[in-house]
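Novice: Could you slot chains B and C onto chain A? The hints should help.
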Amino acid sequence: MIRLAIAAALLAASATPALAQDAPQSTDAKLDALDARITRLEDLNAIERLQKVYGYFVDKSQWTQLSELFTEDATLEIGGKGLFLGRAQVLNYMHSAFGPDGAKENVLANHMQFQPIADISTDGRHGWVRSRAFVMSNGGWGLPLYENAYEKGDDGIWRISRLSGPFTMYTSWEGWGKNALNNTWPDKFEPPPDLPPSTVYLTYPAYYIIPFHYPNPVTGHVFAPDTGQVGAYFRPPGTPEQAQSLQVGRLADGTQPIAEPPKD
Amino acid sequence: MIRLAIAAALLAASATPALAQDAPQSTDAKLDALDARITRLEDLNAIERLQKVYGYFVDKSQWTQLSELFTEDATLEIGGKGLFLGRAQVLNYMHSAFGPDGAKENVLANHMQFQPIADISTDGRHGWVRSRAFVMSNGGWGLPLYENAYEKGDDGIWRISRLSGPFTMYTSWEGWGKNALNNTWPDKFEPPPDLPPSTVYLTYPAYYIIPFHYPNPVTGHVFAPDTGQVGAYFRPPGTPEQAQSLQVGRLADGTQPIAEPPKD
Amino acid sequence: MIRLAIAAALLAASATPALAQDAPQSTDAKLDALDARITRLEDLNAIERLQKVYGYFVDKSQWTQLSELFTEDATLEIGGKGLFLGRAQVLNYMHSAFGPDGAKENVLANHMQFQPIADISTDGRHGWVRSRAFVMSNGGWGLPLYENAYEKGDDGIWRISRLSGPFTMYTSWEGWGKNALNNTWPDKFEPPPDLPPSTVYLTYPAYYIIPFHYPNPVTGHVFAPDTGQVGAYFRPPGTPEQAQSLQVGRLADGTQPIAEPPKD
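Chains as they are written, first to last, in our numbering: chain A, 3 to 266; chain B, 3 to 266; chain C, 3 to 266.
Just chain A, with the same shape it has in the complex (with noise of 0.2 Å):
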């Protein structure tokens, strides 16, 4: 419902410079309105520069850093583990999982980002990205599919509000054809989520479409992808059900080495 919401609110603004063209206008409201084009371009920009800048911050495990990109009550949701709730959290989330903040020897974890397709709300407050991160880590190849929002604050800056990375695919760097893994659930490592996932759904060779924050660009509809529950995680905990989905995608020896690296 959210998602609908943002889709007829920004089918809403994209109409409104067309309409504004037709009434005669006064310099100045021509110049307010010119600026606020360039206000939003500028805006767009912003928000695509927070997420590739968010990329450099993980190549590096610059994990203080990156937390100061969020707001203070950001949701942060990646792969499978769940809602991690505020800033602090997002932080505690980083060390927790991946260790202090500095790169390592033997650590290869490059996040580069592409393909935005970025908005902002008709209050010039809000902004979403689709995007993507191709992966090359230790563990092989991964490939996140980001629907995030943005807030400017009354300073002006944008932020990260909400991060959501479910992932498309994850194969060791032998290639999908030989290795495709189930990405990471509540209780894969620690530490625990604040909230369960918003979503339980499959990777490769199972699909899940990530729903998507804008209308089709030339017919305005918006696309309206599977609603119900997805993929083999959704299973009553401590179920034979649950236990006989987790080992799908696992390697033939049981393992299922998500940010280990490769064995030979």
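Hints in this document: simulated from the structure, not taken from any laboratory.
Certain hints may be false.
Heads up, the list lumps identical chains together, so a pair's fine if it works in one copy or across two of them.
[What the hints assert, rightly or not] Here are the simulated SDA-like pairs of lysine to any residue, each with C-alpha atoms no more than 25 Å apart in a straight line:
id : residue 1 : residue 2
1  : Lys154    : Asn47
2  : Lys180    : Ala111
3  : Lys190    : Asn94
4  : Lys106    : Pro217
5  : Lys154    : Gly167
6  : Lys190    : Gly167
7  : Lys106    : His215
Specialist: Just chains B and C now, with coordinates in the frame of chain A:
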């Protein structure tokens, strides 16, 4: 010839703002000049965005929504299959070659879009983008390079008027050192094209330089690469030469498994 | 010190618009302010575009056209080979190391450009971009990370004034779990550099954090990574320590086949 005309028009377009700034201007003329520059920035954003939207639709086989991004009389030319004419044929091609709308189990078709070089015509109605896709699919790695065209309709909406994506390389997920495959050709799979390929070319380990829609941004010189016939597919149909040319790049078992899952 | 000065200048530049909006302004002053903001957006586009244009030229060995993108007194530093001084040396380096202009059979040299973080100086004459290339070449995978500088000439055209691209990782196409290679060093191949490397560093499985030209966009804090000597190449020439350091990352047969086709 068309590309040279585009490049000359782009040179003229980029020279205009500098000249205009030399003359004293009324407030209204200044406002109009700023408006035009903002509109150009917005249009550049719009066509880059359209290309990214296209990529996210390919990922999940959203063929109907994808076809709606095209103009009524658009042309489509992917790989070496030839030209498909019109929006309806774009949809027919996708449905016939890749199946019905919707993501599927065991299918990976990520077409990740980046490195766009966008230009807008002086009249603001035509756009061009040179860009790339980095493909991770069932078949393996693919590197299309696009030189696409876009049109702004009377409704103010940009659409794709020409999608043209020759491949630079096509290999299995095992790497281009082991398998470098030919791209598609007209009779490789259904449906047949409306027109034969505009250019015949080969992929790695051969090469083809896709003509540039823009001049060198520093010298203004137009870059004119290979103009002749390029590659092994340019052979008289039905001849031994043509039959031999289709062997290039095949796997050891004689197959050329584009769009097939890797065998192990 | 230079980078700290740049970061301080960028902070001052980003603070200016907010202050300026507090004062009442004449129509002409408002027009000038809007003009300056549009010019900045255009300049950001221009230097990002220049970097993408560079990438497409590398792909196809268009060395003469590539060298024309540089200022007369530009510097070039790729990998660990040292500094090349001036546009003529940029061209000499490319021709000596990689052969004459033009794509070649059996050569793949794709340098795909993305994740640009661009900034423009307050006087509008200097620009900086942090960005990446994702290399798929004969030799395998490569991950350069650029911190480049650009200058706007009196003719209004942007050119590359410093190209600096240390590698993060270099492996064969078989994957970084099997082969992680050292990068180039000054005496690896012809021609010799005009000056030794500005920084000595190692690639994966070691690491090096390339200094950031911009402060943290939220806190404004300048990030100062490793300032000391980094990596195994920093050894006194002719010593056993230097000889040993060059073993790091070699293949099992003792070779380090950068820019050579993979052996199978």
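Novice: Up to 25 Å between alpha-carbons, please classify Lys154 paired with Gly167: within, between, both or neither.
Specialist: within (21 Å within a copy, 33 Å between copies)
Novice: At most 25 Å between C-alpha atoms: does Lys106 with Pro217 qualify within a copy, between copies, both, or neither?
Specialist: between (42 Å within a copy, 22 Å between copies)
Novice: Between the shortest in-copy and the shortest cross-copy C-alpha distance, which are at most 25 Å for Lys190 and Gly167: within, between, both, or neither?
Specialist: within (17 Å within a copy, 37 Å between copies)
Novice: Between copies, within a copy, both or neither: which fits Lys190 and Asn94 at Cα up to 25 Å?
Specialist: Cα proximity of Lys190 and Asn94: one copy only (16 Å, versus 44 Å across).
Novice: When no copy is specified for Lys154 and Asn47, does a C-alpha distance of 25 Å or less occur within a copy, between copies, both, or neither?
Specialist: Classified as both: same-chain Cα gap 13 Å, cross-chain 21 Å, threshold 25 Å.
Novice: With 25 Å as the alpha-carbon cut-off, assign the pair Lys180 and Ala111 to within, between, both or neither.
Specialist: both (21 Å within a copy, 17 Å between copies)
Novice: If the cut is 25 Å between Cα atoms, do Lys106 and His215 qualify within a copy, between copies, both or neither?
Specialist: Between. Shortest inter-copy distance 22 Å satisfies the 25 Å Cα cut-off; intra-copy 36 Å does not.
In summary, this structure violates none of the numbered hints.
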